[in-house]
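A.B. asks: Residue numbers (this note's numbering), protein chains in the order written: chain R, 1 to 287; chain S, 1 to 336.
Since the hints were made in silico from the structure, they are not lab data. Hints may contain errors.
Among the chain S residues that face chain R by a calculated CB cut under 10 Å, a handful are [said to hold, decoys possible]:
#1 Val115
#2 Ile281
#3 Val285
#4 Pro309
#5 Leu312
#6 Pro314
#7 Gly315
#8 Val317
#9 Arg318
#10 Leu319
#11 Trp320
We treat Cβ as the ideally placed atom computed from N, Cα and C, and that holds for glycine.
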Amino acid sequence: MNQNLILAINSITLGGLLFLLSAGFSLIFGLMRIPNLTHGSLFMLGAYLGVTFAVWYGLNFWVAAVLAALVVAAFGGVIERFLLRRLAGNQLAQVLVTLGIAFMIADFCLMVWTGDPITVETPRQFVGVVRAGDLVFPIYRLVIILIACLFAAALWLLLDRTRLGAMIRASVDDPQMARVVGIRVSRLFTLVFCLGAALAGFAGVIGAPILSVYPGLDFDMLPLALVVVILGGTGSLLGSFLGSFVISFLYNYGQAHFPELAYFVLFLPMVIMMLVRPQGLFGRVAP
Amino acid sequence: MTDLAVPGKSAAVVWFTGRRAALGLALLALALLPLWMPGSYYVNIASQILFYAVFALAIDVLLGYGGLVSLGHAGVFGITCYTVAVALGAGYGHVAAILLGIGVTLAGMAVYAVVALRATGIGFLMITLALGQILWGLAYRWISVTNGDNGLSLASRPAPFGLSLASANAFYYATLVVFLLSLALAAVFVHSPFGAALRGTRDQPARMNALGFNVFLVRFLACLFSGLLTALAGILFVYYNQFISPQALALTASAEVVLMVISGGAGTLLGPIVGAALVVIMKNVASAYIVRWNFLLGAIFVAIVVFVPEGLVPGSVRLWRWARRPRGKSGGKAAP
Chain R
1 MNQNLILAIN
11 SITLGGLLFL
21 LSAGFSLIFG
31 LMRIPNLTHG
41 SLFMLGAYLG
51 VTFAVWYGLN
61 FWVAAVLAAL
71 VVAAFGGVIE
81 RFLLRRLAGN
91 QLAQVLVTLG
101 IAFMIADFCL
111 MVWTGDPITV
121 ETPRQFVGVV
131 RAGDLVFPIY
141 RLVIILIACL
151 FAAALWLLLD
161 RTRLGAMIRA
171 SVDDPQMARV
181 VGIRVSRLFT
191 LVFCLGAALA
201 GFAGVIGAPI
211 LSVYPGLDFD
221 MLPLALVVVI
231 LGGTGSLLGS
241 FLGSFVISFL
251 YNYGQAHFPE
261 LAYFVLFLPM
271 VIMMLVRPQG
281 LFGRVAP
Chain S
1 MTDLAVPGKS
11 AAVVWFTGRR
21 AALGLALLAL
31 ALLPLWMPGS
41 YYVNIASQIL
51 FYAVFALAID
61 VLLGYGGLVS
71 LGHAGVFGIT
81 CYTVAVALGA
91 GYGHVAAILL
101 GIGVTLAGMA
111 VYAVVALRAT
121 GIGFLMITLA
131 LGQILWGLAY
141 RWISVTNGDN
151 GLSLASRPAP
161 FGLSLASANA
171 FYYATLVVFL
181 LSLALAAVFV
191 HSPFGAALRG
201 TRDQPARMNA
211 LGFNVFLVRF
221 LACLFSGLLT
231 ALAGILFVYY
241 NQFISPQALA
251 LTASAEVVLM
261 VISGGAGTLL
271 GPIVGAALVV
281 IMKNVASAYI
291 VRWNFLLGAI
301 FVAIVVFVPE
311 GLVPGSVRLW
321 RWARRPRGKS
331 GGKAAP
């Protein structure tokens, strides 16, 4: 089969996972101005939990994925309520706390799940390929792409078409004014943080059959999410969506054609974006 | 607050009190350290503390005085280490390798700064984090140059003026010289008018701009100075270990040094040194008893940020002032 096509499918799949990861990151950053450095760790934690539920307890893969997402969301809520809330207004402290927690999660996972990479089997109902003429598509990768698109649409509807979304947007634009008109901004913060965490955890589980789960997955994913958000602009769903696919294509093609410089290839779009348009593709200039 | 000359004492005695006495004693203790340390293991730890202190000063210049938190400095540090190692491997001498290391680091730092300084605050932090990870990825994957995960080894330490630095004590003295030089440089830097301008850009960038300062240029030059200190620390590090691997460029490494600065006290010259001592000693002591250093590192990070956010040095100064505060109902002077 055509190597470029395989690369393209792999890139779109990775892009879908990256979107789930970076959308939450971007929302949290847009709303609270916290670059949540635990985000990669939440992805990895979700993956490990999902594996545990699915393999060790024999749960259905999707049940395990949702369960892992819920646990990660609850964990995110605890971090937000009990640590980040105490440091409200002190961004540097919040960043450093999330970084500290990221290290703790990494070591905790190493302790519980050991250092060996865990491979996860593709859910039984999605093993196999779809053929269209000469082209062959692995079903599971198509499923991931579909899920990512569904989530993108759902998030867009949530943010753009519901009352809750309007409240979130209002709190992003002007938290003080939002408080004045009776929006409970701090409750929204927790909600968005949990939502972002849940998305990251869920992405970790559904990505596990492709990426496998290993120590270091957290800090492999975090820079990708960062670059996506730098490229797409913070707080922008569309930016995360497009940025995810640009980055995943660059990353996969870079790895295939310049394996030694794969990370360096990511550096280029970031540099160009910073020089031309520092707020990112769809970002707004910070007030 | 009224620590002026005490009447009845000669000028010499007054001169030799307080800070100067402490500084003199500290210098004496450092100069004689190999004599009072029980063994070369401890002398080596002292060397580690000193070159990490130089690295922490590099971060502190940006973090404490410029308000710019760099989470990718281990990548810059790595540029120095790899340049020295590759240059030595290619057959250059020590002097050429060291000069090349400093030069390439400054060039790399210039690019790093131009990209990262398009943003400030949290944006700067995110970009430097991504840049640091990219440099790590380069060290890890660019196997034809960096030998990947296996790292590069250095055959020997240099012998300046014919003095071999192979022994722990000799290397300690070389490190001490570089440390004192870096500390002096940093002190001159932060107390210079330029240092004041840098603090100005930290606190009031818009007003500094209105006053005619080129805020970008001030920050850019501060980054280059930080790059110079980072390069000095990197050269000491790579000669100390005679080995460099991508481990040294990891995010954990950047975070460790930021922790040194934050725990000791950002925006002071003593803070990063105390922080470096604290982290290096804790790392060495902890690794003797527990395997989970990263967990402890994270926990300390969280604890310090939540409980002593200003760092240990300013924190203890605050406690000291509080303990010596004038007592009295009206808040007046204490009775003599």
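A.B. asks: Which of the stated hints cannot be reconciled with the structure, identified by number in ascending sequence?
C.D. replies: Numbers 2, 3, 5, 6, 7, 8, 9, 10 and 11 - these are the hints that the structure violates, sorted from lowest upward.
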